[in-house]
Amino acid sequence: MYGSQGIPAGLAFNAFSTILRHSGTPLKDIGLTGLVFLPWALKCFWSGIADNAGKRWGYGPLALWTHMSAIVVCLLLGFASPEHHFLLALSGILLLNTIFATQDIFTNACAVSHMKGRNAGLANALQVISFLLGMVVGGAGSLFIYERLGWSGAMWGMACELFILWLALLPLRAGIEPIRVFQKPSRLVDLFRQPGFRWALLMALTFKFASSALAMLLQPWLMDRSFSLDFAGTLQMSNIICGALGGAVIGFPAVRFLGCRRAVALLIWPSSLLLGTLVCLQAGGMATPVLLYAGLGIENFLDGGFYVSVWATLMNWSSEERPGTDYSFLQCGESLANVLAGMLIAPLASVIGYSRTFLVAWIAGAFALLLVVTAVRKLAGLCEDTKPSKQSFKHLRHS
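Here the sequence shown stands for residues 390 to 788, where the numbers follow this note's numbering.
These are calculated hints, taken from the structure and not from any lab test. Hints are not guaranteed to be accurate.
[What the hints assert, rightly or not] No farther apart than 20 Å at their CA atoms in a straight line, the calculated lysine to aspartate or glutamate pairs in the EDC-like style are these:
#, residue 1, residue 2
1, 444, 709
2, 417, 613
3, 573, 710
4, 444, 613
5, 444, 550
6, 573, 709
7, 417, 472
[As the list claims (entries may be wrong)] Here are the simulated distance ranges between beta carbons:
#, residue 1, residue 2, range
8, 557, 642, 26 to 34 Å
9, 763, 581, 17 to 25 Å
10, 541, 767, 34 to 42 Å
11, 483, 581, 26 to 34 Å
12, 586, 538, 21 to 29 Å
13, 620, 472, 19 to 27 Å
C-beta: ideal position from N, C-alpha, C; glycine also.
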């Protein structure tokens, strides 16, 4: 399911702005693409409703229904080219992300219930890998199809991809259900009263803002420097794969052997430092394809490990009584940062230029480092991960 959710996110986050810029859309209008992340930022307002619906009717059946509705939306989107129907295409992608943001609540309930403790690192590594691979398909894959078959081909191809994943999900739907379903309704007010809530929310809001802004600005920058669509797509694919590998190779072992909080405190330093990669390449006039692949690949590799450690921490902080609510609410913090980054970064670049905007994003990353390190210290004792849930992991593996 995380892989399925990555496909529309890849389209919105990586491919849509590139397609718009390639067709001559102004930077100020491209800034509107940040709106497609609003469902991921606002799903906290219906996470309790979705969580309670899962307790009543089953998380698995609801996940299947939302998935099928997304396939229908993709088929319809094939008739709304953004070059001629910009607002209609934008609205369709917004709806597509709303559907998968809702499905994500059901997926989170499964992950929190089955894989808290030291297994949180594995859970989040799998989440990162599958989600980012989905983003490869939705981002670089959509660009590849778009250049050859146009917008309709890209959308109908995405519908086929999602249908294949829907068929794969059918025999696994029973494994989506939490081990224990608490009858007490999931309420946001109980989340707000949980110790450490403000620090957990602060971490979710700040840790990804700078890197998301840079990733969104990368695509228009490549187009304005006359790089080809093929290169933009393969660079996206390279960055995403490096991020997934970093989550598996660095993030999971760090959480497993150091614990989630110490893993965050260790990995945030190199991750923040490497946010300056584009600043250095731009300032030195060294933005060649080879150096872009190498520099951004290393940056995303370390960022992937850092990402896993952060979400392992937030998963362990979340309550099993509200398996779909707490974790989903915190994800809204990251998504809200993505929305703000998308809406601010391109218009800022149109005013002060790319070089200064890259520098501003790097400075924002340094400021976020201080906030995240403080939050990790304040969450001491509230993110217990010393007892792996072996029984839960075995149950999930055999379900």
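Task: In rising order, the numbers of the hints this structure does not comply with - done: Those not satisfied are hints 4, 5, 10 and 12.
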